[in-house]
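Q: This is what each chain is made of:
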Amino acid sequence: MASHSQEHDHDHDHDHSTLSEMDIRVRALETLLTQKGYIDPAAIDRIIETYETEVGPHNGAQVVAKAWVEPDFKAWLLKDATAAIASLGFTGRQGEHMVVVENTPELHNMVVCTLCSCYPWTVLGLPPVWYKSAAYRSRAVLEPRKVLADFGVSLPESTRIRVWDSTAEVRYLVLPRRPANTENLSQAELAKRVTRDAMIGTALA
Amino acid sequence: MNGVHDMGGQQGFGPVHVEQNEPLFHAGWERRAMAVTVAMGASGQWNIDLSRSARESLPPAVYLSSSYYEIWIRALEQLLLARGMVTQAELVNGQMTHPPVPVKQVLTRETVDAALKAGSPTARPIDPPALFQVGQEVRARNMHPPGHTRLPRYVRGHVGTIVRVHGGHVFPDGHTLRATPPFNVPVQWLYTVVFKGNTLWGEHSDPNVEVTVDAWESYLEAVT
Numbered sequence: 001m002a003s004h005s006q007e008h009d010h011d012h013d014h015d016h017s018t019l020s021e022m023d024i025r026v027r028a029l030e031t032l033l034t035q036k037g038y039i040d041p042a043a044i045d046r047i048i049e050t051y052e053t054e055v056g057p058h059n060g061a062q063v064v065a066k067a068w069v070e071p072d073f074k075a076w077l078l079k080d081a082t083a084a085i086a087s088l089g090f091t092g093r094q095g096e097h098m099v100v101v102e103n104t105p106e107l108h109n110m111v112v113c114t115l116c117s118c119y120p121w122t123v124l125g126l127p128p129v130w131y132k133s134a135a136y137r138s139r140a141v142l143e144p145r146k147v148l149a150d151f152g153v154s155l156p157e158s159t160r161i162r163v164w165d166s167t168a169e170v171r172y173l174v175l176p177r178r179p180a181n182t183e184n185l186s187q188a189e190l191a192k193r194v195t196r197d198a199m200i201g202t203a204l205a
Numbered sequence: 001m002n003g004v005h006d007m008g009g010q011q012g013f014g015p016v017h018v019e020q021n022e023p024l025f026h027a028g029w030e031r032r033a034m035a036v037t038v039a040m041g042a043s044g045q046w047n048i049d050l051s052r053s054a055r056e057s058l059p060p061a062v063y064l065s066s067s068y069y070e071i072w073i074r075a076l077e078q079l080l081l082a083r084g085m086v087t088q089a090e091l092v093n094g095q096m097t098h099p100p101v102p103v104k105q106v107l108t109r110e111t112v113d114a115a116l117k118a119g120s121p122t123a124r125p126i127d128p129p130a131l132f133q134v135g136q137e138v139r140a141r142n143m144h145p146p147g148h149t150r151l152p153r154y155v156r157g158h159v160g161t162i163v164r165v166h167g168g169h170v171f172p173d174g175h176t177l178r179a180t181p182p183f184n185v186p187v188q189w190l191y192t193v194v195f196k197g198n199t200l201w202g203e204h205s206d207p208n209v210e211v212t213v214d215a216w217e218s219y220l221e222a223v224t
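Sequence lines, in order, name chains V and L. Numbering-wise, the first sequence is residues 1 to 205 according to the working numbering. Numbering-wise, the second sequence is residues 1 to 224 according to the working numbering.
Everything labelled a hint here was simulated from the structure, so no lab data went into it.
Dumping the calculated DSS-like pairs for lysine-lysine here, alpha-carbon to alpha-carbon at most 25 Å:
no., chain 1, residue 1, chain 2, residue 2
1, L, Lys104, L, Lys117
2, L, Lys196, V, Lys146
3, V, Lys79, L, Lys117
4, L, Lys104, V, Lys36
5, L, Lys117, V, Lys66
6, V, Lys192, V, Lys66
7, V, Lys192, V, Lys74
8, V, Lys74, L, Lys117
9, V, Lys79, V, Lys66
Modelling step: build the complete structure from the supplied sequences, incorporating the hints.
A: Printed below as a string of structure tokens:
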């Protein structure tokens, strides 16, 4: 797939008076599907609103922070992630069957979907371009340590890396290690420290 | 299908380019493309595996040169055309000239939230006992089906170990055998299998790497 950098010059939503080919194509499609009664534009607006304002990595960050603070919740999360995450209200599309994998000093987890771009929408929202890129999908399973280096992450050679290729409807969330010197932070403050990439496994926290 | 979408282990795509402060969408049309594709799933005219199959079946050069949402839209057009839900001329003109076909559901602003919150779970009851247990060694079959499959090429023929048993799940290869409803919905045990990096990538590869895939039972065979 074309990387974003290649598209940047012509695909951004600037104040261009001319529409891109894809803009015209998608407008024609949406108009047609609306005329046919297959879609309701108000529903389209609501779907966009949901993923722009409600569902995103802040959901996953809440899950992680709670697991860092509450051992019982962490145990539940590692045993039955779908139920534990649902208890915080995060359920549904592209998060129907969740598994949480825990990073330790010996083991680092990283998530990919080599066949398409499966991603845990309920806790992370829509995936970033790099996650969907050919470079990440091809290399994450072959040379994960070098991919981590692209993200500026350097792990000791003795740290085992386990890459989870999301080939079914199971969606994976990485439970990163709690950063040092955060004992005094509240759960809400901890949640702010959790990055999206840490929950994919391409960052440490 | 041994398509270009099956990217695990391919080389030559360069470094992973990470955009700082990346926006959720990079163009207005991407927003609409995402939501239209999600909404059309409710029509019940295809299932998730037929949708993936349509994306994988785009011409290889188109797939590789298209952005993610462009792939979605091109595949959605193919799904609609194949079922007679739209015509090519209608797509080009963005104007209806043929009546619609009946669909299962049209999402409204009122029903969207519940639909997204429910999702489409693929776990199903399954009667026969699981053939494999956690800790057991299995071989990913050397298989090359011409249709949709979720067994990536890079594990085929290799021996791994079962680390999780997920229960019964809808089997994608069989889920795509009928293109229109009522769909064929076969169920198989689903497992997570871990492979040593050295097994997949050779003795000179990183010794401290493991890769897991989720694999349905018929993708696997016992190691004797």
